[in-house]
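K.L.:
Protein chains in written order, with the working numbering: chain Y, 1 to 257; chain L, 258 to 414.
Note that these hints are calculated values from the structure, not bench results.
Yeah, the Cβ is synthetic: ideal placement off N, Cα and C, and Gly gets one too.
It cannot be assumed that every hint is accurate.
Said to hold, decoys possible - Restraint ranges, calculated between C-beta atoms of paired labels, are given here:
{"hint": "1", "chain 1": "Y", "residue 1": "Asn71", "chain 2": "L", "residue 2": "Glu400", "range": "18 to 26 Å"}
{"hint": "2", "chain 1": "Y", "residue 1": "Lys253", "chain 2": "L", "residue 2": "Thr280", "range": "34 to 42 Å"}
{"hint": "3", "chain 1": "Y", "residue 1": "Arg211", "chain 2": "L", "residue 2": "Ile376", "range": "25 to 33 Å"}
{"hint": "4", "chain 1": "L", "residue 1": "Gly297", "chain 2": "Y", "residue 2": "Arg35", "range": "45 to 53 Å"}
{"hint": "5", "chain 1": "L", "residue 1": "Glu387", "chain 2": "Y", "residue 2": "Arg45", "range": "45 to 53 Å"}
{"hint": "6", "chain 1": "Y", "residue 1": "Arg232", "chain 2": "L", "residue 2": "Glu392", "range": "33 to 41 Å"}
{"hint": "7", "chain 1": "L", "residue 1": "Arg342", "chain 2": "Y", "residue 2": "Arg232", "range": "28 to 36 Å"}
{"hint": "8", "chain 1": "L", "residue 1": "Thr280", "chain 2": "Y", "residue 2": "Ser256", "range": "24 to 32 Å"}
{"hint": "9", "chain 1": "Y", "residue 1": "Asp16", "chain 2": "L", "residue 2": "Pro399", "range": "48 to 56 Å"}
{"hint": "10", "chain 1": "Y", "residue 1": "Glu115", "chain 2": "L", "residue 2": "Pro399", "range": "45 to 53 Å"}
{"hint": "11", "chain 1": "L", "residue 1": "Pro399", "chain 2": "Y", "residue 2": "Arg101", "range": "25 to 33 Å"}
Stated by the list, open to error - Sample of chain L residues with no beta-carbon within 10 Å of chain Y, all distances over it, derived:
{"hint": "12", "residue": "Gly297"}
{"hint": "13", "residue": "Gly303"}
{"hint": "14", "residue": "Glu310"}
{"hint": "15", "residue": "Glu318"}
{"hint": "16", "residue": "Gly348"}
{"hint": "17", "residue": "Pro378"}
{"hint": "18", "residue": "Glu380"}
{"hint": "19", "residue": "Pro397"}
As a plain string of letters, each chain reads:
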Amino acid sequence: MTTRPLSSSPGGPDTDAEELFRLYGRDRDERLRERLVAMHQNLVRFLAGKFANRGEPLEDLVQVGTIGLINAVDRYDADRGTKFSTYATPTIVGEIRRYFRDKAWSLKVPRRLQELNQVANKAVDVLSVKLGRAPTVAEIAQAIGASEEETLEAMELGNAYDTVSLDSRMSTETESAPMTLAEFVGGEDETLKALERYGDLSAAIESLDEREKVIITLRFFKDLSQAEVAKRLNISQMHVSRLQHRALNNLKKLMSS
Amino acid sequence: MPDEEPGTPVPPGGEDPGVVTLTIPCAPEYVGTARLTILGVASRMGFSYDQVEDIRLAVGEACTNAIDRVARGGNGSGPGSITIRSHVETGRLTIEVEDHTGNGAAADGDAQARPVEEIDPQELGALLMEILVDEVAVEPLPEGGTLVRLTKYTAEG
């Protein structure tokens, strides 16, 4: 409604977005939201890239970052005069950092370091619980019976040796978009693991809506990647990611009620 | 067995801060060296692993921004250097990242004339620093270049 002085991007690409944000703020139209999220995907990629050398697949970081983005899109008020990227960055980074807090890293680290790495990571978990805060390096070192120096080395070289990029493209014969290595690497899904504890999982899945049910089935029972699911359903991968997230949340809700 | 050697100097917690200074060429391939040094310094101070990683990322951003500025202001005066000074004090770590570009890297603030493509790495880098550490101060240097001062407190907060 109001024309207000543009923030720091004069006539820039944010102008369009701002209009959309206003519309979305008013109508809460699902499709607008999707578009806004898509428009700012590169912000998530950029930020996720900053954390990529901590040993987690970039795609995973992008996914958790996207959750932050979605939250930011929902809460952003274009009339406050803050640029969206400025508003969203803390939320996106917050999700990514949270993700690191509950994750151990792995893969492609020389064995000794990898082992030390894993031991250290376990110690981090155990100590975090015991201390009620993240442990210091000295505490980790003591717990695993290594010197601080060794502990640091394992942690540091663990990063440095993680050289096969999980984003390296793998060629497959049928392709529009080559898949990345990360998509081939199996991972444990913590959410799902937790859900396994319940016997009535399948009942809960049955009560999801049709599309969520399909996505959960393809992702976790047929082990398809998000990209594959996206292709099958003819929707974007991000959309799959979002639906999956929502479906898992619904499942959680169903299971805990 | 941590802290076995009596020789390891632990900052005494007095007035006298330990200072670790590192100067690197103003080039991306040396940012890792800075990160590694910061790892060594910060992890002796009782920061958690996550906090250490955050500090390192912030310092990396400060270096990268300096490198970007120099690359953009490039007037053939050579790549210059970046000095990273870590001040170890009781309860906090202050890291000064200073680029000596010799050509007055003016591009701080919003003076950029380069095409804005949705994402401004410099701006986001600055934002990241603010998220990752407790205090950020940026000052232009009289002789050209920029000083970025990052402070992180050991007590979570």
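K.L.:
Would the least Cβ to Cβ distance between Glu318/L and chain Y come out above 10 Å?
P.N.:
Violated, because the least Cβ-Cβ distance between Glu318/L and chain Y comes to about 8 Å, which does not exceed 10 Å.
K.L.:
Just double-check Glu380/L for me: nearest Cβ-Cβ distance to chain Y has to come out over 10 Å.
P.N.:
violated (8 Å)
K.L.:
Tell me if the beta carbons of Glu115/Y and Pro399/L are separated by a distance inside 45 to 53 Å.
P.N.:
Cβ of Glu115/Y to Cβ of Pro399/L: about 52 Å, so the range 45 to 53 Å holds.
K.L.:
State, for the Cβ atoms of Arg211/Y and Ile376/L, whether the hinted interval 25 to 33 Å holds or is violated.
P.N.:
32 Å Cβ-Cβ, so the 25 to 33 Å window holds.
K.L.:
That 34 to 42 Å hint for Lys253/Y and Thr280/L (C-beta), does it hold up?
P.N.:
violated (55 Å)
K.L.:
Can you tell me whether the CB distance of Asp16/Y to Pro399/L sits inside 48 to 56 Å?
P.N.:
Since Asp16/Y and Pro399/L have Cβ atoms about 41 Å apart, the given range 48 to 56 Å is violated.
K.L.:
Quick check for students: does the CB of Gly303/L sit more than 10 Å from each CB in chain Y?
P.N.:
violated (5 Å)
K.L.:
Confirm or reject the claim that Gly297/L and Arg35/Y have a C-beta distance inside 45 to 53 Å.
P.N.:
Holds - the Cβ-Cβ distance for Gly297/L and Arg35/Y, about 46 Å, lies within 45 to 53 Å.
K.L.:
Gly348/L: least C-beta distance to chain Y exceeds 10 Å?
P.N.:
holds (14 Å)
K.L.:
At the C-beta level, are Arg232/Y and Glu392/L separated by a distance inside 33 to 41 Å?
P.N.:
violated (50 Å)
K.L.:
Grab the minimum beta-carbon distance between Gly297/L and chain Y and tell me whether it stays above 10 Å.
P.N.:
violated (7 Å)
K.L.:
Pro378/L clear of chain Y by more than 10 Å, beta carbon to beta carbon?
P.N.:
violated (7 Å)
Checked against the numbered hints above, the structure violates hints 1, 2, 5, 6, 7, 8, 9, 11, 12, 13, 14, 15, 17 and 18; every other hint is satisfied.
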